[in-house]
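Enquirer: Start from the sequences, fold in the hints, and give me the full structure.
So the sequences go chain by chain: A and B.
Taking our numbering, the leading residue of the first sequence gets 1, the next gets one more, and so forth.
Taking our numbering, the leading residue of the second sequence gets 112, the next gets one more, and so forth.
Heads up, some of the hints might be wrong.
As the list claims (entries may be wrong) - In silico EDC-like pairs for lysine to aspartate or glutamate, Cα to Cα no more than 20 Å straight-line:
{"hint": "1", "chain 1": "B", "residue 1": "Lys-128", "chain 2": "B", "residue 2": "Glu-179"}
{"hint": "2", "chain 1": "A", "residue 1": "Lys-70", "chain 2": "A", "residue 2": "Asp-97"}
{"hint": "3", "chain 1": "B", "residue 1": "Lys-168", "chain 2": "B", "residue 2": "Glu-155"}
{"hint": "4", "chain 1": "A", "residue 1": "Lys-51", "chain 2": "B", "residue 2": "Glu-211"}
{"hint": "5", "chain 1": "B", "residue 1": "Lys-168", "chain 2": "B", "residue 2": "Glu-183"}
{"hint": "6", "chain 1": "A", "residue 1": "Lys-103", "chain 2": "B", "residue 2": "Glu-196"}
{"hint": "7", "chain 1": "B", "residue 1": "Lys-128", "chain 2": "B", "residue 2": "Glu-196"}
{"hint": "8", "chain 1": "A", "residue 1": "Lys-103", "chain 2": "B", "residue 2": "Glu-155"}
{"hint": "9", "chain 1": "B", "residue 1": "Lys-168", "chain 2": "A", "residue 2": "Asp-97"}
{"hint": "10", "chain 1": "B", "residue 1": "Lys-122", "chain 2": "A", "residue 2": "Asp-97"}
{"hint": "11", "chain 1": "B", "residue 1": "Lys-128", "chain 2": "B", "residue 2": "Asp-174"}
{"hint": "12", "chain 1": "B", "residue 1": "Lys-168", "chain 2": "B", "residue 2": "Glu-125"}
{"hint": "13", "chain 1": "A", "residue 1": "Lys-103", "chain 2": "A", "residue 2": "Glu-54"}
{"hint": "14", "chain 1": "B", "residue 1": "Lys-122", "chain 2": "B", "residue 2": "Glu-196"}
{"hint": "15", "chain 1": "B", "residue 1": "Lys-126", "chain 2": "B", "residue 2": "Glu-196"}
These are calculated hints, taken from the structure and not from any lab test.
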Amino acid sequence: GQQLNQSPQSMFIQEGEDVSMNCTSSSIFNTWLWYKQDPGEGPVLLIALYKAGELTSNGRLTAQFGITRKDSFLNISASIPSDVGIYFCAGRFGGADGLTFGKGTHLIIQP
Amino acid sequence: GAGVSQSPSNKVTEKGKDVELRCDPISGHTALYWYRQRLGQGLEFLIYFQGNSAPDKSGLPSDRFSAERTGESVSTLTIQRTQQEDSAVYLCASSGSVTETQYFGPGTRLLVL
Numbered sequence: 001g002q003q004l005n006q007s008p009q010s011m012f013i014q015e016g017e018d019v020s021m022n023c024t025s026s027s028i029f030n031t032w033l034w035y036k037q038d039p040g041e042g043p044v045l046l047i048a049l050y051k052a053g054e055l056t057s058n059g060r061l062t063a064q065f066g067i068t069r070k071d072s073f074l075n076i077s078a079s080i081p082s083d084v085g086i087y088f089c090a091g092r093f094g095g096a097d098g099l100t101f102g103k104g105t106h107l108i109i110q111p
Numbered sequence: 112g113a114g115v116s117q118s119p120s121n122k123v124t125e126k127g128k129d130v131e132l133r134c135d136p137i138s139g140h141t142a143l144y145w146y147r148q149r150l151g152q153g154l155e156f157l158i159y160f161q162g163n164s165a166p167d168k169s170g171l172p173s174d175r176f177s178a179e180r181t182g183e184s185v186s187t188l189t190i191q192r193t194q195q196e197d198s199a200v201y202l203c204a205s206s207g208s209v210t211e212t213q214y215f216g217p218g219t220r221l222l223v224l
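Expert: In structure tokens:
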């Protein structure tokens, strides 16, 4: 089946630093999504990408849909304590498909 | 309600027992998805409902797993003869259509002893 490789697995950074994480796939996806999950909660959508090459921002977050449709990255600028959590990339090939998720990047911010 | 709700929040059961998990989607959402999240892992797609169409069961791990949905409302995920490997968080999501954003519920944490 389709697999998403997400890296890094975890990040330990200082408050105020920029963060970058990425996802790669062996298969093409037509939609890339980035979610954040806090402990005890379901994932919350951060950014959705629908076109190859698309670059989208949401506040301090920026994500890009790779040209080959097999990769995506998420950047967080000037990290703050509430950015702590697990970030998941997810891909979907067809409109009716369930999402394929990466294993997550655990972001930890040291004061 | 404002979001997707799931019940129970937590469920502890003995190996071999059946469990039923419930999902209430956002009102008016036609698409409903079930996912499983094992500890420290990403989400695995289980099953998808869209309106009155036959569900996409391609992600169900075994015939012990089944799900039903009545119209465009509540869905139940049933796991029969639970095994310890079934321990996970079971998440439900709904969307306005198959191409729209999926909104997730808080999940049901299942522990099989």
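Enquirer: It remains to establish, for every hint, whether it holds in the given structure.
Expert: Here is what the structure says about each hint:
1. A C-alpha spacing of about 19 Å is found between Lys-128(B) and Glu-179(B), which places the hinted pair at or below 20 Å, so the restraint holds.
2. This hinted pair checks out: Lys-70(A) and Asp-97(A) have alpha carbons roughly 17 Å apart, not beyond 20 Å.
3. The hinted pair formed by Lys-168(B) and Glu-155(B) meets the criterion: a straight-line CA distance of about 12 Å does not exceed 20 Å.
4. For the suggested pair Lys-51(A) and Glu-211(B), the alpha carbons sit about 15 Å apart, so the restraint of at most 20 Å is met.
5. Restraint check for Lys-168(B) and Glu-183(B): the C-alpha separation of about 17 Å stays at or below 20 Å, so the hint holds.
6. For the suggested pair Lys-103(A) and Glu-196(B), the alpha carbons sit about 18 Å apart, so the restraint of at most 20 Å is met.
7. Pair hint Lys-128(B) plus Glu-196(B) holds up; C-alpha atoms about 13 Å apart against a cutoff of 20 Å.
8. Pair hint Lys-103(A) plus Glu-155(B) holds up; C-alpha atoms about 10 Å apart against a cutoff of 20 Å.
9. Annotation: proposed proximity of Lys-168(B) to Asp-97(A) holds, straight-line Cα distance about 11 Å (limit 20 Å).
10. With a C-alpha separation of about 28 Å, the suggested pair Lys-122(B) and Asp-97(A) falls outside the 20 Å cut-off, and the hint is violated.
11. The straight-line distance between the Cα atoms of Lys-128(B) and Asp-174(B) is roughly 15 Å, inside the 20 Å bound, and the hint therefore holds.
12. Proposed proximity of Lys-168(B) and Glu-125(B) is contradicted: the alpha carbons are some 26 Å apart, above 20 Å.
13. For the proposed pair Lys-103(A) and Glu-54(A), the alpha carbon gap of about 23 Å is over 20 Å, so the pair is violated.
14. A distance of roughly 14 Å separates the Cα atoms of Lys-122(B) and Glu-196(B); the hinted pair therefore holds under the 20 Å criterion.
15. Restraint check for Lys-126(B) and Glu-196(B): satisfied, since their Cα atoms lie roughly 10 Å apart, inside the 20 Å limit.
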